[in-house]
Every structure is written in structure tokens, then in C-alpha cells.
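Peer 1: For reference, the chains in residue letters:
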Amino acid sequence: MATRGTVLIDSDRCKGCQLCVHVCPQGVLKMSEGYNAKGYHPVMLDESENHCTGCAVCAVICPDVVFTVFRMPVKRKGRPARQALAA
Amino acid sequence: MAIATLSTEKPPIEAMEVVYKRPESLAEVQTHYCPGCTHGIIHRLVAEVIDELGVREKTIGVAPVGCAVFAYQYFNVDGCEAAHGRAPAMATGLKRVMPDRIIFTYQGDGDLASIGGNEIMHAAARGENITVIFVNNANYGMTGGQMAPTTLPGMVTTSSPYGRDVKTQGYPVHITEMLAIMPGVAYASRNSMHSVAEIRKTKKAIRKAFEAQIKGLGLGIVEILSSCPTNWRMDPFESLEFIRDHMVPVFPLGEYKVHDELKRRK
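Note that the protein sequences, when read in sequence, are chains A and B.
Residue numbers for the first sequence follow this note's numbering, beginning at 1 and rising by one.
Residue numbers for the second sequence follow this note's numbering, beginning at 1 and rising by one.
There could be a bad hint or two in this list.
[As the list claims (entries may be wrong)] Below, simulated BS3-like cross-link-like pairs (lysine-lysine); rule was C-alpha separation at most 25 Å, straight line: (1) A:LYS38 <-> B:LYS95; (2) B:LYS95 <-> B:LYS21; (3) B:LYS204 <-> B:LYS215; (4) B:LYS21 <-> A:LYS30; (5) B:LYS21 <-> B:LYS215; (6) B:LYS58 <-> B:LYS95.
[To be verified] Residues on chain A that point at chain B, a partial pick, calculated with CB under 8 Å: (7) GLY5; (8) ARG13; (9) GLY16; (10) VAL23; (11) MET31; (12) TYR40; (13) THR53; (14) ALA56; (15) ILE61; (16) PHE70; (17) MET72; (18) PRO73.
[Claimed, not checked] Derived Cβ-Cβ restraints for the label pairs, each shown as a range: (19) B:ASP51 <-> A:GLU33: 34 to 44 Å; (20) B:GLY216 <-> A:LYS38: 36 to 46 Å; (21) A:PRO73 <-> B:HIS32: 32 to 42 Å.
I should point out that these hints are in silico values taken from the structure, not numbers from a laboratory.
Cβ atoms here follow ideal geometry from the backbone N, Cα and C, with glycine treated the same way.
Excised from the complex, chain A in its bound form:
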């Protein structure tokens, strides 16, 4: 599947609870080997097998607001992209 979205991860906020890893439908999140400032293994994006679609399910379940989610603007037939409308 083509790349459609991505997440920005604020690693220092992450407490390593892994809720996002369990709910991610694409399975692109995993825990990193290293530690963050709090001493937890923070979550990281691993797109080696699959790609993030920017569905924001991880952001909905994250208790610590670690994620900022981005998605490519959807282009529909006969209608300009949402971003173009806003501009």
C-alpha cells in the first residue's frame, strides 16, 4: 500500500504502555530498544513491512498524547483536495 500518512512521536512523553502497539491496524508501531529520559522503552514507527495510513487510532488510545498524526490530503474526483480548499 502506498504511503498515506505518518506519525510524529514525542518519545520523551511515552511511558511504554504498548496500548498503541496492540491497536495499530497496520502493525507499524513497535517498542524501541533504547530508553527515554523517563526510563521507559518508547514506541517507534517501523515501516519495514507495512506503511502508516494516518488513521490516528494510536492517537485515540494513547494516554500520554505522544502522537501527532499526519495524512496525505484525499483527492476526490471533481473535487479539489481539502488542503487546497483551505488555502
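Following the hints, position chain B against chain A.
Peer 2: The following block gives chain B in isolation, referenced to the frame of chain A:
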């Protein structure tokens, strides 16, 4: 913040639109909650609703005693701390002195259902125009997981090591059902945190509870079944499954009371 993506085929992040970001009503501080505690999710939902309704500058939060005792530090709104269980009483005072403000209380089950049972009942009976966020995690989380009024029958806690025996310790308290029959209550709903879909429903419920207050219809309460991985001795995802499998059958989800004026809006 670090961009955690290394893929070269990915379009630049500037070309994408932001679909989710931190709500402005949530302060830029880290919370003290345990990893996987759903308090953080509920804080975020409340902040998102305050943002969406555009009432941040006139909202006052009342924090409880319990795990959420520092809630006033985590919201970018005015806040104050009430004595144990007395948040509805303090919210009553705030709302009556400043009726143009939006007042919400954020309480746990040890605070609202136990010592504050009297306060919430009478705030509801008086029909106070406030919003109550009631987080039910079936134990006293802050003090080490003792049995609460909402503890499930047979559930092991530090003060009921053989499980809650209903013959001597009684049955769980169903606050939302009790409040729903009161005429002063405009909105009463029980929601859960056990899945993404339920979290989205919870946000809608919180929004309705705030709208009830904005329209002046009466008290709005949202009870939220929440997890306590540390005191339940489970990992965070397992504790969400415990909510789904064990708490939801005892505390049925759904809207118990919706004021007619809230129903019309679809």
C-alpha cells in the same frame, strides 16, 4: 520531538495535513499517571471537548482527591481542588456565583461514589447546572488499590484479599442509574475505555454533558469505566480486556438519561 520515520519514498511531512494533534486545553506537562492508565485518555477527551466547544477561557475544573488530584495542573483552564468527595459542592458554589462559567468536576470512584456519594446525590437532586466526569476503576488507585464501593463482586483488592464477598461487603454501587432517575439530571451516561470505538463514544457523551450545561438543562454526568493496570496487577492491554469482559457486564454501558433538547441534535 523527533521525526521517527526514515522511509525515503514517503512524501515530506509538510505536504500532509495534520489529522490529530495535542488539544490546546491540555497543558504541556507530563502526567504522573502510571503507564497505560486511562486517566490520560479521559483528560485528553475532556480537553478536546473544551476546545471544540470554544469555552476554554470560561471553564473552571474542580479536581478531586484520588489519582486525579493534580488534574488542575493538566488542563489549560482555571481549576481548583476540592476536599475529598466535595467537588460537586464546590462546583455548586462556583456555578451559582459565576453562572456564565462552565464548571466541570473530575472525580474518581473513591471520591464520588464513596465519601462523596451524599454530595453528588444532592447536587443532582438540586439540579445543579454542572458537568461531572466520573472515572470508575473499581478500586482506590492512589492509596494502593483498596476495595471501593464500585469493586466487582469477587474481585481481589488489597483490602479484600479473598475477593469481595457480597454477603458482608455488599454489591457495587451504580451511581449513573441512581442519578438518571432524578429530574434535575439532564444527561447520564456510562461509557468505557476498553476500545478505540468506545473511547470515541465517550467523547460524544462528554460533549453532550457539557452541552447540557451550556444550555442550562441541569446536571450532566458521564461515568467512564477505566483501567488500573498497577493495582489490578495486569498489563495495560490486559486490563482493557478485563474492563470488557468483567466490568461491562456488571456496569452496563449506555445513555441512561438524555434530555429532550439534547436528543434533537444529531
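Peer 1: All the hints need checking, so say for each whether the structure fits it.
Peer 2: Hints versus structure:
1. Simply put, LYS38 of chain A and LYS95 of chain B have alpha-carbon atoms about 39 Å apart, too far for the 25 Å limit, and the pair is violated.
2. Restraint check: the Cα-Cα separation between LYS95 of chain B and LYS21 of chain B comes to about 31 Å, which exceeds 25 Å; the hinted pair is violated.
3. Taking the CA atoms of LYS204 of chain B and LYS215 of chain B, the gap is about 16 Å. The hint holds against a cut of 25 Å.
4. For the given pair, LYS21 of chain B sits about 21 Å from LYS30 of chain A by alpha-carbon distance, which is consistent with the 25 Å threshold.
5. The straight-line distance between the Cα atoms of LYS21 of chain B and LYS215 of chain B is roughly 28 Å, outside the 25 Å bound, and the hint therefore fails.
6. Between the alpha carbons of LYS58 of chain B and LYS95 of chain B the distance comes to roughly 11 Å, so the proposed pair stays at or under 25 Å and holds.
7. A hinted interface residue such as GLY5 of chain A counts as satisfied when its beta carbon comes closer than 8 Å to some beta carbon of chain B; here the least separation is about 7 Å, so the hint holds.
8. For ARG13 of chain A, the interface hint holds, the least distance from its beta-carbon to any beta-carbon of chain B being 6 Å, beneath 8 Å.
9. Interface restraint check for GLY16 of chain A: the shortest CB-CB distance to chain B comes to about 6 Å, inside 8 Å, so the restraint holds.
10. Hint status for VAL23 of chain A: holds, given a least beta-carbon distance of 6 Å to chain B, under 8 Å.
11. The beta carbon of MET31 of chain A comes no nearer than 12 Å to any beta carbon in chain B, farther than 8 Å, and the hint placing it at the interface is violated.
12. Given the 8 Å rule on beta carbons, the hint for TYR40 of chain A holds: about 7 Å separates it from the nearest Cβ of chain B.
13. Nearest Cβ of chain B to the Cβ of THR53 of chain A: about 10 Å, over the 8 Å cut. The hint is violated.
14. With a least beta-carbon distance of about 4 Å to chain B, the hint placing ALA56 of chain A at the interface is held under the 8 Å criterion.
15. About 6 Å separates the beta-carbon of ILE61 of chain A from the nearest beta-carbon of chain B, less than 8 Å, and the hint is met.
16. For PHE70 of chain A, the interface hint holds, since its Cβ comes within 8 Å of a Cβ in chain B; the closest pair sits about 4 Å apart.
17. With a cut of 8 Å, the hint placing MET72 of chain A at the interface with chain B holds, because the nearest CB-to-CB distance is about 5 Å.
18. Checking PRO73 of chain A against chain B by beta carbon gives a least distance of about 5 Å; that is within 8 Å, so the hint holds.
19. Between ASP51 of chain B and GLU33 of chain A the Cβ separation comes to about 36 Å, which falls inside the hinted range of 34 to 44 Å.
20. The hinted range of 36 to 46 Å is satisfied by GLY216 of chain B and LYS38 of chain A, whose Cβ atoms lie roughly 44 Å apart.
21. Checked against the given bound of 32 to 42 Å, the beta carbons of PRO73 of chain A and HIS32 of chain B, roughly 38 Å apart, stay inside it.
In the structure shown, a violation is registered for the earlier hints numbered 1, 2, 5, 11 and 13, in ascending order.
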